[in-house]
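Peer 1: Can you build the whole structure from these sequences, using the hints too?
Each chain, letter by letter, is given below.
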Amino acid sequence: MIDFAHRINAWIKISTPAVISLVLIIFSATNFQLPGLDSFVPLFAFMTIFYWAIYNPSLMPAWFVFVLGIFQDFIYGTPFGVASFVNLLLWWLAVSQRKYLIKERFIVFWLVFSVISLLFCLITSVLFSIYYQKFVLSNDIIMQWLFSAFIYPFLHKLFNVIHVVYLKN
Amino acid sequence: MGSRVKNKTSAISEVVMPLRALFSRLSFFILLVASVSAIFIGRSDRDAMERMRANVVDAVVPLLDVLSSPIKAYNAAKLSINEMVFVYEENKELRQENDRLSRIQGMAEKLEIENRRLKELLRFAPDATVSYVSARIVTSTSGPYARTAIIGSGEKNRDIKKGSVVVNQDGLVGRVAEVGDNSSRIMLITDINSRIPVVTSVSGEKGILSGNNTETLLLEHLPIDTKVHAGEKLVTAGDGNFFPPGIPVGVVQSVTSKDITVKPYVSWSRLEYVSVANYKPLE
Numbered sequence: 016m017i018d019f020a021h022r023i024n025a026w027i028k029i030s031t032p033a034v035i036s037l038v039l040i041i042f043s044a045t046n047f048q049l050p051g052l053d054s055f056v057p058l059f060a061f062m063t064i065f066y067w068a069i070y071n072p073s074l075m076p077a078w079f080v081f082v083l084g085i086f087q088d089f090i091y092g093t094p095f096g097v098a099s100f101v102n103l104l105l106w107w108l109a110v111s112q113r114k115y116l117i118k119e120r121f122i123v124f125w126l127v128f129s130v131i132s133l134l135f136c137l138i139t140s141v142l143f144s145i146y147y148q149k150f151v152l153s154n155d156i157i158m159q160w161l162f163s164a165f166i167y168p169f170l171h172k173l174f175n176v177i178h179v180v181y182l183k184n
Numbered sequence: 003m004g005s006r007v008k009n010k011t012s013a014i015s016e017v018v019m020p021l022r023a024l025f026s027r028l029s030f031f032i033l034l035v036a037s038v039s040a041i042f043i044g045r046s047d048r049d050a051m052e053r054m055r056a057n058v059v060d061a062v063v064p065l066l067d068v069l070s071s072p073i074k075a076y077n078a079a080k081l082s083i084n085e086m087v088f089v090y091e092e093n094k095e096l097r098q099e100n101d102r103l104s105r106i107q108g109m110a111e112k113l114e115i116e117n118r119r120l121k122e123l124l125r126f127a128p129d130a131t132v133s134y135v136s137a138r139i140v141t142s143t144s145g146p147y148a149r150t151a152i153i154g155s156g157e158k159n160r161d162i163k164k165g166s167v168v169v170n171q172d173g174l175v176g177r178v179a180e181v182g183d184n185s186s187r188i189m190l191i192t193d194i195n196s197r198i199p200v201v202t203s204v205s206g207e208k209g210i211l212s213g214n215n216t217e218t219l220l221l222e223h224l225p226i227d228t229k230v231h232a233g234e235k236l237v238t239a240g241d242g243n244f245f246p247p248g249i250p251v252g253v254v255q256s257v258t259s260k261d262i263t264v265k266p267y268v269s270w271s272r273l274e275y276v277s278v279a280n281y282k283p284l285e
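Sequence lines, in order, name chains G and H. Adding 15 to a residue's 1-based position in the first sequence gives its number in this note's numbering. Adding 2 to a residue's 1-based position in the second sequence gives its number in this note's numbering.
Hint data in this document are derived by calculation from the structure and do not stem from the laboratory. Please note that a few of the clues may not be correct.
As the list claims (entries may be wrong) - Below, simulated DSBU-like cross-link-like pairs (lysine-lysine); rule was C-alpha separation at most 30 Å, straight line: (1) 80/H / 149/G; (2) 149/G / 114/G; (3) 149/G / 265/H; (4) 80/H / 265/H.
Peer 2: Here you go:
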């Protein structure tokens with residue numbers, strides 16, 4: 016019985032980052048009805064993948080990054096596969112650089128996230144432009160990136176609390 | 003006995019472990035290939051993908067509804083307070099409006115009778131039937147890459163059909179792109195894939211109104227010597243039998259040598275209830 020409870024507890028802990036990621040995607044699709052802010056969906060997927068791929072990649076495996084992308088496409092109504100492709104590239108980049116980034120101060124980490132997320136916003140735009148065969152690059156993309164870079168420290172803090180207090184105990 | 007089991011286990015792990023390591027190393031590339039495949043499959047088998055998407059959205063809609071409710075409650079409260087503050091002024095304006103509308107109603111009734119008599123005289127047959135179903139917007143899932151909204155009505159609960167036209171009190175909102183059992187996705191007119199045949203109110207020119215994932219639309223495929231000017235109103239042309247003719251769409255915002263931009267009538271931030279039109283052109 017104790018063993019079973021331990022297993023359930025371990026399973027809940029392991030799946031926490033994944034569940035948070037899915038909840039954030041659903042949350043970002045919620046109707047806020049704020050004039051002019053409708054199209055600034057924060058880049059929650061980038062934030063969660065970047066954080067967990069660096070601090071604890073075992074909790075953010077590649078298969079889940081793929082599933083998260085497909086889920087994004089389901090919810091946002093965007094073409095299938097594009098979000099998964101971009102998410103996987105971001106995950107790979109973050110995992111490959113984690114030994115350098117994990118030691119960095121928060122301000123550097125934030126700066127790196129901001130630069131990389133801008134790069135991935137542009138990659139996403141290029142992929143959608145190819146898909147639609149039409150140039151897709153509007154001010155909304157830049158505003159979305161700025162908004163995401165601005166709110167990233169809050170999310171980082173939240174993930175830190177979950178990681179340090181909850182998962183490491 | 004014990005050593006035999008141990009040997010067997012180690013033999014299995016000798017085979018399994020390298021395979022597992024190889025798989026974890028290859029999984030990234032396998033998933034990357036799967037993503038690219040999903041892009042191509044999504045393009046070639048749209049119906050299957052749309053069905054899958056509609057099923058997922060059906061499952062998520064109750065959750066989206068719950069998450070949206072505090073924001074909707076806040077907006078409703080804000081609106082009520084505003085209404086209470088301006089109730090005296092509004093009442094005065096509504097009385098004046100009521101007098102004006104009463105006069106127009108009298109005229110309209112007279113014209114309707116006249117119209118009916120003339121139709122009977124000409125043995126006129128209407129060219130289409132339109133029936134409306136009201137639906138509530140659960141959420142607007144608009145972003146820089148797609149402009150869509152989800153309504154809480156689907157094929158099973160409200161008999162919504164794919165391709166149906168969606169309007170509100172301001173004008174044309176979009177079309178039903180995907181239908182689930184209890185929810186549907188609307189492709190808004192501002193979506194990059196949206197194309198609407200329209201006609202201008204003054205010059206009477208026909209063109210195609212295209213979305214580009216921004217707040218404005220582009221008026222395309224007009225004659226070279228077009229006489230369209232800023233401030234001209236646009237309504238649906240009814241060409242192709244997809245849209246009923248005469249639905250207000252927007253107003254021409256600017257005309258340059260490069261493009262003609264149109265501002266839609268619909269206010270996207272106030273989009274709460276819509277009507278889904280089941281449009282059946284008669285053969």
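Peer 1: Hint by hint, note whether the structure agrees.
Peer 2: Results of checking the hints against the structure:
no., hint, verdict
1, 80/H / 149/G, "40 Å, violated"
2, 149/G / 114/G, "39 Å, violated"
3, 149/G / 265/H, "21 Å, holds"
4, 80/H / 265/H, "27 Å, holds"
The structure does not agree with the numbered hints 1 and 2 stated previously, though it agrees with the rest.
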